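> Given next are the chains, with one letter for each unit.
There are 2 protein chains.
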Amino acid sequence: MKISTKGRYGLTIMIELAKKHGEGPTSLKTIAQANELSEHYLEQLIAPLRNAGLVRSIRGAYGGYILSDIPSKITAGDVIRVLEGPITPVEGIEDEEPAKRELWIRIRDAIKDVLDNTTLEDLASHSEDQEPEEGYMFYI
Amino acid sequence: MKISTKGRYGLTIMIELAKKHGEGPTSLKTIAQANELSEHYLEQLIAPLRNAGLVRSIRGAYGGYILSDIPSKITAGDVIRVLEGPITPVEGIEDEEPAKRELWIRIRDAIKDVLDNTTLEDLASHSEDQEPEEGYMFYI
DNA sequence: GAAAATCCTCAGTAAATTAATAGGCATTAA
DNA sequence: TTAATGCCTATTAATTTACTGAGGATTTTC
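Chains V and F, in that order, are what the protein sequence lines are. Count along the first sequence starting at 1, add 899, and that's the number in this note's numbering. Count along the second sequence starting at 1, add 899, and that's the number in this note's numbering.
Honestly, the hints are just simulated from the structure, not real lab data. Some clues are possibly wrong.
No copy is singled out in the list; a pair is fine if it fits within one copy or between any two copies.
Claimed, not checked - Taking lysine-lysine pairs in the BS3-like style, the calculated list, with each CA pair at most 25 Å apart, reads:
hint	residue 1	residue 2
1	K999	K972
2	K999	K919
3	K1011	K928
4	K905	K1011
Values in this document were obtained by computation on a predicted structure and should not be read as measured data.
Construct the entire structure; sequences and hints are all you get.
So, in structure tokens, the structure goes:
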């Protein structure tokens, strides 16, 4: 019943790229450092995102990645499906008996509804208005 | 992003007990055979359900299990929480940054909404009207 | 042309989880 | 007394997760 680090870190990558959309490529090193994640692990997560056409890579020095489309056209569902597989609470819904099948379908549709209606634009803009840290003071 | 066999078989057990509610105890052997599952595996799943107070056991010959409450008072959420742990799409939602935290919370609430509003009565009654098997003919 | 910064690929691995199986003891109805 | 059940602890094969390691390919800048 969990989304693994694949989907979670994958979303983190995509949100970072959305924040920098239109400003040229962002390197994985930058994203890894900003989020305290293993750059090498992120490389393995972005490969399927590139294969799926969600990001484009620019190789060589000062290269990196950019979104293939504008942030309002890419959803959390697009990202999660690539990294976690089809959105479904169980394998083989169709094999279940009617009562349980309907339950799994209702859960699946509820999750889909959230993921497919949340865009990278939504996620990136909410990331902007950071909550103050504990102990934060407003210095004039 | 999956509910494992623990939660799925656990629900299967509870639906069978709901169907027999008021008719005395049902043995795991009966449930295992009816659903082509390992009786021994089901024993391990019903132990936490008993510890959580969702079912009561009757030991000895012609014993078995009964629901602790009426089917309309026990939800799929009760069963899933016992066997799969808290309903949440990620561990430590509160540690995530605001944008992702809100996403996980919306997903969590959507799943909760379905699971907590589906009772064993709902599931047992929908199991009654079986779909015809493939090759089924209506013999008069 | 050399060096540095990046992407790209394949392989390995420790820990955890899943989905059981094995073997037996305890209790109770008939 | 026996058969039918529940109860309990341990073991295990397969899979998944979350990485780490090693190095090659490409491109920019000096």
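> Tell me, in ascending order, the numbers of any earlier hints that this structure violates.
The structure breaks only hint 3.
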